[in-house]
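Novice: Build the complex: two chains, separate frames, hints provided.
So the chains spell out like this:
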Amino acid sequence: MKNVWVIVILSSTLFSFDLPKSGIKKMDKTLAKLWPEQIISKHLVNISNLEKAKLSFKLDDKTIYKVSNSSTSDSYIYLSKGFGKMNEFDYMVVFNKDLSILKVKVLVYREDQGGEIGSNRWLKQFSGKKDPKEMKFGHDIQNISGATMSARSLTEDVKKVIKRMRELRQKGIV
Amino acid sequence: MGIKILNLGIGMLLAGVLSAQTNNIDTTNQPLNSAQNVLNNSSGKKFTIGGYGEIHYNQGFNDTSSTNGKLDVHRMVLFLGYKFNNRVDFVTEVEFEHVKEVYVEQAFMNYRINQAFNLKAGLMLIPMGIQNEYHEPTTFNGVERTSIDGNIVPSTWREIGIGFSGNLDNLSLKYQAYLVNGFLGYDGGGKFKGSNAFRSGRQKGAESTISSPNLSAKVDFYGINGLKIGLAGYVGNSQSTLYDGLMNNDTTGLAEQADSSVVGMAMVGIDLRYTYRAFEARAQVISTAVTNTKEYNTFTGKDLGASMLGYYGEVGYDIISLFKKEATERLVCFGRYEFWDTHASVTSETLKNASYNRSAITTGFSYHVAKGAVFKADYQLFKNDAEENASSSQFNMGVGVWF
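These protein sequence lines are chains A and B, in that order.
According to our numbering, the first sequence is numbered sequentially starting from 1.
According to our numbering, the second sequence is numbered sequentially starting from 175.
Treat the hints as calculated values from the structure; they're not laboratory data.
Glycine included, each C-beta is placed from N, C-alpha and C at the ideal position.
Any given hint might turn out to be false.
[What the hints assert, rightly or not] Derived Cβ-Cβ restraints for the label pairs, each shown as a range:
#1 B/Ser565 <-> A/Ser127: 47 to 53 Å
#2 A/Lys25 <-> B/Leu245: 53 to 59 Å
#3 A/Lys130 <-> B/Tyr285: 37 to 43 Å
#4 A/Lys25 <-> B/Leu389: 40 to 46 Å
#5 B/Thr266 <-> A/Lys66: 28 to 34 Å
[What the hints assert, rightly or not] Computed footprint of chain B on chain A; a stretch qualifies when at least three of its residues, placed anywhere within it, have a C-beta under 8 Å from a C-beta of chain B:
#6 76–87
#7 111–121
#8 133–142
Bound conformation, chain B alone (with noise of 0.2 Å):
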C-alpha cells in the first residue's frame, strides 16, 4: 500500500510538471528577444555562458632611458555556446581587446556525425602550436603569451573556413584538417613584413578577401599518461585585391603584378605538453618556409623573410603540492627559454636583419588561487643579434580568470 502511495504521490507530481511544461510551451510560442531566449534555455543547458580575461601591468627596463609602465585590460572574451540538439552546437566568442578593439574571436558550427568525425564551419582557431588553441590565461605561465605566438604564429591567428575534427578514442588520437581563408597580403600596400611575419595580414574574418583557399592541418597524441604531442602543418598563399577583376587572358602586365603580391608559405609546427604530479613542462618548434619573396618585396617594398623559425622550452613546479597534497591552490613557479627569429633566412633583395633573430629569458610564478583564477608575475629578459652586449628587460604582473 505503501508504494502504491509512493506512486501515486510521484504520479501527481508528474502531472503537475506535464501541466507545468504545457504551459511553458504555450508561452514559449510569442515572440522572444536574445536575452529572454538565453533565460529560458540555461536551465535546460541548451546554452552555455562563459568566458575569460586578464588585465596586465608592465613595466619595461632599458640602460639608457626611463620607460612608462603599461596597465591594460589586454582581454575579455565572452563566450556563448547553444546547443541545437545532441549533434549540432554554435561556440561563439566575442572579444574586447584593450577596452576598446572588439573582434569576434571565434564562431563555428559544429555538426557532430560521431565521436571520430565532426564538420565544423565558420570562424576558427588555425591549430598550430599551442596557444593559438588554448590561450585562456589559466592554462599558460607568464602574463604575456609567448613571443613565438604572436611574431611566427600570430596569436589569436583564426580564419573562416570548413572543415572536419575528431577523436580516436583506441589509437588516442585528435585529428583537425580544415579548408581556410589565408592570409592578406596586399590591399593596395604590401601587409607583411620582416619583424612580424603575417601577423598584420590577419582577416579575423571581417569580410575578408579570398583569392586562394589555404589548408590548416593538426594530430594531436595523448597516448602516454600526461603527454600531449601534437604537429601542425599549414599550407597555401596568402591573399591579394589584385586577382579582383583580373581579365583571364590579361596581356596588360597586371596578371605579373597579382602574382608578386602574394606568397607562398608552409608552416609546421610540433608541440608538447607534459604534467607529472606537480611537475609541467611545455616546449614548441614552428619552422616556415616562404616562397615568392623576392618578387613580393620587390613589389611592395616590404622586407618578409624567406623563413622563420621559433621554439621555447619551459618547465614549472607547483611548490604548494611539496607541502600540502590536497591543497586547492596551485604555486606554480616557471622558467621558460625562447628563440624566435623572423629573418632566419632571406631572398637577395633584402638585408637580413639581425634585430629579428631574438631570444628571451623568462622567470614567474603562476598562483592559481581557484579553479579558473590566477594571479601571475613574471619578469623577462630580452636579446637580440644586433645588440650583442645590451638588453632590455620587463616586467609583468596580471590576473587571469576563465569561467
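Excised from the complex, chain A in its bound form (with noise of 0.2 Å):
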C-alpha cells in the first residue's frame, strides 16, 4: 500500500506545471500591482484525478490558482505555454470571476527573438475579452512586427485557456 503512495507522489510531480523561481517572482509581483495595498492570498486549485478524467483535455497539477484578496471576488490564474521560433515561454491568464480576462502577463521567455511579447501595452488588448471570437490574431489582436510567431502562439493559446476555463466553469470545479 505504501508503494502505491509513494507513485501518486510522483504522478503528481511529473505532470504538473513547472514554472521556474524567476517566473513565480514574476507572478506574484505582477498580482501586487494588480491589488495594491491589500492582503492577497493565493493557492493551487485542487482538481481530483476523478474530476479531471472528466474532462476533455489533459489537465496538468500546479496550472490553476485561486486568488483571493479584501476588496474584489475571487479571481483565477491559468498558467501556460506558448512556442516563439525556437523555444516556449510561461505566461498567465487572470481571470475575473465572470471568466473575463482581467491581464495576461509573459512569465519566462527563453529566446531571444519575439522577446516582444511581454509588452504591458501589446498585452492589454486581451484585458475585458471573454470570447475566443473576439480574438481573430491580426484583426482583434494586433501583431507585433518582428514577433509574429509568438504573438500568434499566444494568441492562439489563450482562447485555448478561455475554453477551458469555460469548460471547467460548467463542471463546477471552478
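Specialist: If you want it as C-alpha cells, here you go:
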C-alpha cells in the first residue's frame, strides 16, 4: 500500500506545470500590482483525478490558482505555455470571476527573438476579452512586427485557455 | 476506491515511462552521429528545424533592346536551432543562394541571463533597417528585397561579433548592441565602389580579416499597438590586409598606404512598421557618412561616395478582409516609392555619377495562401538622374515559403 502512495506523489510531480522561480516571482509581483496595498492570498486549485478524467483536455497539476483579496471577488490564474521560433515561453492569464480576462502576463521568455510579446501595452489588448471569437489575430489582436510567431502563438493559446476555463466552470470546478 | 484504482493506474503507467526513460539513457550513451542526435531530440523540442525559400521570375524591359528573363531559386535557407537548456541556444541558418552558392547566414550562441539581458556571440545579422533582420519572404511585399537593402544596407549583412540584446517590457523597448567585424575595404585591391558602396566588402564570417572592430546598435520601440519604430546606428572603420605585418615604427610609407586603404563610416537608420487590421505601412530612411574617401579612392582607383542616402515608403491593404473577416488567406495589394543615391556626395577626386541617384516605383500583390506561404507578383519602374527622359522596368513573380 505504501508503494502506491509513493507513485501517486511521483505522478503529481511529473505532470505539473513547472514554472521556474523567476516566473513565480514575476507572477507574485504582477498580482501585487493588480491589487496594491491589499492582502492577497493565492492557492492552488486542487482538482481530483476523477474530475480531471471528466475533462476533454489533459490538465496538469499546478496549473490553476485561486486568488483572493479584500476588495474584489475571487480571481483565477491559469498558467500556460506558448511557442516562439525555437523555444517555449510561460505566461499566465488572470481571470475575473465571470471568466473575462483581467490580465495576461508573460512570465518566462526563453529566446532572443520575439520577446516583444512581453510588452504590457501589447498584452493589454487581451484585458476584458471573454470570447475567443473576439480574438482574431491580426484583426482584434494586433500583431507585433518582428515577433509574429510568438504573438500568434500567445493569442491562439489564450483562446484555448478561455475555452478550458469555460469547461471547468461548466463542470463546477472553478 | 475508484480514485485509488485510478491513481494506481497512473502510477503503473508512470513506472513504465520511468523504465522506458532509463532504457533511453542507456542507449543514448552509445556514440551518435548528428542525424541521430536530431532525431532523438526533436521530440523533446531541443531541436528546431525550419527554413525559408524564394523562387523568382524576373523579366526586364527597356525601350531599345530585347531582354531575356531570369528564373532563379534565389534563396533556400535551412534553419537549425538547438536548445542546450533554458538559457543557452545555438542558432544557425545555412543558405543556398542561386542554387550553387552556399553560405552560413547566421551561426550564433545566445546565453539568456534574463529577459532583459542576452549575451550573443557568433555570426550575427547586423540590425540596420527592416529587411536585413526580417527578410523571410512572407514578411515583406515585393518579390525582390528593396533596393536600399542591397545597395546601401548590403543585405544580407552579417559578420562575426559579440554583444547584448534584450527586451524591456515596461518600456516596450528592444535593444541590441554588438561589437562586430567590419567590411573588408582592401585585400590587394579596393573593394568598395560607387554603385553599391560597401556590398562587395562583406566578409560574411568566412576567414574574415579584422584590423579594427566596429559597433552596431539598434533600439526598437513597440509601445503603441500595431507600430514598431527602430533607430539603428553603425560606426567604425573598414578592414584592410595592409595592416598585417606592419611595423609599429614604420618609416617606409607603408603605414600611410594602410591608412589610405580604409574608410571610416557612420550609418544611421530609422524604420517603422505599422499594421491596423487589413492596412499595413512601412518606411525606412538610411543615411551614411564616409570619411577618408579621398585617400581611399586615390589609392585604390575606386569611386566610393562620401555619403549615401536612401528611403522608401510603402502601403498595403488586404483586400480579402473586405469580404471575409475570418479568412485565413490574405491578398495584400501594395505600392512603394523608393529612392537611393550612393553618390549623395563625393570628395573632390571623384566625379559625381548621376546614374547612382535612383528611384523605383513598385506595385503588386502578395497572396498569402497559408500561414508561411505566399505567391507574389509586382511591376517595378526604375529611373535615374543620368537618363531623365528614360526609364527601365521589370516584372517579377515569385513564390515564398517560411516554416
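Novice: Confirm or reject each hint.
Specialist: A quick look at each hint next to the structure:
1. B/Ser565 <-> A/Ser127: 47 to 53 Å: Taking Cβ atoms as reference, B/Ser565 and A/Ser127 lie about 52 Å apart, which means the hint holds.
2. A/Lys25 <-> B/Leu245: 53 to 59 Å: Once the Cβ atoms are compared, 56 Å apart, the range 53 to 59 Å for B/Leu245 and A/Lys25 holds.
3. A/Lys130 <-> B/Tyr285: 37 to 43 Å: At 40 Å between Cβs, range holds.
4. A/Lys25 <-> B/Leu389: 40 to 46 Å: violated, 34 Å
5. B/Thr266 <-> A/Lys66: 28 to 34 Å: violated, 45 Å
6. 76–87: holds (count 3)
7. 111–121: holds (count 8)
8. 133–142: Contact hint for the stretch 133–142 of chain A vs chain B: holds, 4 residues under 8 Å.
Hint compliance for this structure: hints 4 and 5 are not met, and every other hint is.
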